[in-house]
Every structure is written in structure tokens, then in C-alpha cells.
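In terms of our numbering, the sequence shown is residues 693 to 1119.
Don't read these hints as lab results, they were simulated from the structure.
Careful, some of the hints might be misleading.
[Unchecked claim] With a cut-off of at most 35 angstroms between alpha-carbon atoms, the simulated DSBU-like pairs for lysine-lysine come out as follows:
1) K1057 to K1036
2) K1105 to K825
3) K737 to K707
4) K893 to K812
5) K854 to K893
6) K825 to K1091
7) K1036 to K1015
8) K1092 to K812
9) K1104 to K1091
10) K1036 to K964
[To be verified] Using C-beta positions, here's what the derived DEER-type ranges look like:
11) G891 to K1105: 39 to 45 angstroms
12) E857 to S922: 52 to 58 angstroms
13) E740 to G803: 50 to 56 angstroms
14) H1018 to P773: 18 to 24 angstroms
Every residue gets a Cβ at the ideal spot worked out from N, C-alpha and C, and that includes glycine.
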Amino acid sequence: NKPCSLEIYEPKLDKHLECSALPLLNEQGETIGAVHILKDITERKKMEAEQQELRDRAEVSSRLAAIGEMAAGIAHEINNPLTGVIGFSELLSQEDLPPDLAQHVRYIIDGSNRVKDIVKRLLTFARQNKPFKTRTDIHELIDNTVAMRNYILETSNIEVVKEYELNLPWVTVDPGQIQQVFLNLIVNAEYAIKKAHDGGKLIIATRQEGSEITISFQDNGTGMDGETISSLFQPFFTTKEPGEGTGLGLALSHSIIQSHGGSIDVASKPGKGSTFTIRLPLIKSDPEPEVKAAAVEPSSSPISSGNILVVDDEASIRAFIKKVLHGQGYTVTVADTPYDALEKIKSNRYDAMLIDMRMPGMSGKELYEKMQSDIPSASSRMIFITGDTSDLTTREFLKKESLHCVSKPFTKKELLATLNEVLTAKQ
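Using the sequences and the accompanying hints, generate a full structural model.
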């Protein structure tokens, strides 16, 4: 005897309907029938779905931003001590050591460089600032992404086959976002392969097709039917078991590729595996493949004299830089705080200053701005040391001010090359 309603979806009409029923009463209050009302609510449901998708994307963006900040903190905490480990190990390797100790030092250097690469990839992947598009070697980006999953792929007995087209043009993309797409497709392929076999194969192929490049990820996993494929890029749709996936990975990947003016599609059949194909446009500014510039080498006649100030709150980094520069004939002064550095700069003239970007109390950027105001002639001789060049704010600051930078963890050669470049420019 009460009104009721429910919502249904009618697939033949492709309509969402609200069905309401109202009791029809006689004079005695007895139910003698019902009034049924059908209302087309398709547009309302569509608007609700769009609003929910916006909320979902905002939540995902917020989570990714938090991950990016966490990654930056991790990078800073790891790269600081890692600079000392790599630096002093490198210096130790140049000593006349017994063969067994020399091998042990090489193990330390190799292990430290692995950590360095892991942190770099973590930062590239996790940074979710506004898109920062740059010229990118897609093959290098794929290699880095596969390297992040090497252990899982090997222990899962999954063979990765790379079929790269030679001389593939570089593209202008946000490397962090595109790497996120690659990683999601690789993880999904792992899941599908492990579900179908005890091991399998993932083929990653690239090629140029006219004014675009294609990147395909082909697995021999479980495959999917047409109904699954039709829902694949919808938020929260997942074929994984509860707790094993959020259903946001492919939706986010689709959004990222679209924001780059590209497309992503899938071909699949049950039991036959799946192939995801990404298409990215080439634009006029995208260069042809080029030989990568080698790491900057010191000139044949490097400058080996000068008064250098080193500002870093990490004792091991100060000690490493001081030892390297002393060994090259430089006069070195160290400061462990930006305030101490300011006092020294006011009373001394330095040919170059190596300054940490992230210090307690005052950042390197704030120190630079203060020096521009108080001692403008000194600011042009600054070299920044940073553990997070993937941070958009840092990159834009360095680019805007045309400043030199050395990234933690750095080697003796990288340090001397950058310093020599600055000193040469000031002659």
C-alpha cells in the first residue's frame, strides 16, 4: 500500500528507466489497483556517470600527487647518502688496492648505481605535475619501464621480446605519464600470462607509420571477449580478483594517451592473448633520431685553480666535493647552512659556488633570490646540487634562470665537468 520505485536498464532500447508504482485506493482505503509510471532517466544517469568520473579522476590525481611528494622525499633521503657512497667508492677504486678489495669496491659501485637508477625511475614515474612534454626516446623509456619489472618478469618465467624499429623518431611527450601507461600495460600482461600459463611471452614492438609512431604490447595470456573489451577503459572496470586491481589503470592510461593527441586500442580473443596498441603523433618539432651526446667531458685544458664555496647540509657530500676539488688544485671553503654561506659570500669572492637545492631553513632557490638582491654579481656563479631534477618547479627555475645543475648522486667526472663549464664561461 506504499509507493515504490526502482531503476532499470533496458539494453534493447539502450535506456535507463525509472519505474514507479502508486497504489490506487477506493473510498474505504483498500487497494484496488496501481498506477505505473515509466520515466526516461538516461540523460540524468549519463550526467551522474560523468560527474562520478570527474570525482574519480580528481581522487586519482590527488593520490598520484601524494605519491610524487613521497617519492621526492624518498629520493632526497636516499640520494644524499648515496652521493657519499658512490663518490668515496669511486675515489677508493682509484687507489692501489689488492685485487680482492678492488673487486669489493666495484661491487659497492655497481650496487649503488642500481639504487641510483631505481630512484631515478621512481621519480620519473611518480611525478604527476602538469604535463611536462619533452623530446623523448621511446625505446629508452620502454627499457627503463621493463627494468622496473625485471625481477617479477624473470621469477614469473615471462620472456620479454623487444622488436624495435631502427631509427624510430623521438617524440614530444611527458615521459613520466607515458611510462605510467607502459608500466600499467606490462603489469596487466603479467597478470594475464600468469593466469593462463606457467610463464609466457610479452612482445613489445615499435614502428613508424606515416605521421605517427605505434607501440604495441602483445601477450599470450588469457585474452578477453568482446563484452570485456567494450568496458575495458571504463573507470573501476577490472577483470582481476577483488583486491588485486582498482580498475583505474587502463582508464587513466586512456586519458593520458588522449591528452597527448594519440589513441590506445586492444585486439583480443579468449585463450589467444591480447595486443594493446598505442599511437602517438609526430609533430614538426620532433627530431629525427640522433646520437646521444656523451656525458660532458672536461676540456683538454681544464681550469684547475679557483676559489670554490661548497654549501650542503650533508657532511659526506661536503667532504667528497672538498676532497675531489682539493685534489684538482682548487681552494675550497665549505658551509653547512645557507646562512653561513651568506656570511662567507659577503666577505669573500668565489669563482664558483656549489649549493644544495634543498636545505633546512632556506632552500637553494631562496638563497639564489637573496643573493640576486644583495650580491647580484655572485648569483651567476652558482651551480645547484639537487636530488630531484624531475620536480617541475625545480626544472622551470633552473631553465628560467639559465643555471647549471649537478644531480645527486654524481660522480667525480660529472662534478668536474660542470664546474669547468661554469669557470670557462666566466673567463
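Quick rundown of the hints versus the structure:
no., hint, in the structure
1, K1057 to K1036, "holds (18 angstroms)"
2, K1105 to K825, "holds (29 angstroms)"
3, K737 to K707, "holds (10 angstroms)"
4, K893 to K812, "holds (27 angstroms)"
5, K854 to K893, "holds (11 angstroms)"
6, K825 to K1091, "holds (14 angstroms)"
7, K1036 to K1015, "holds (20 angstroms)"
8, K1092 to K812, "holds (23 angstroms)"
9, K1104 to K1091, "holds (24 angstroms)"
10, K1036 to K964, "violated (69 angstroms)"
11, G891 to K1105: 39 to 45 angstroms, "holds (42 angstroms)"
12, E857 to S922: 52 to 58 angstroms, "violated (31 angstroms)"
13, E740 to G803: 50 to 56 angstroms, "holds (53 angstroms)"
14, H1018 to P773: 18 to 24 angstroms, "holds (22 angstroms)"
Violated hints, listed in ascending order, are 10, 12; each of the other numbered hints is respected by the structure.
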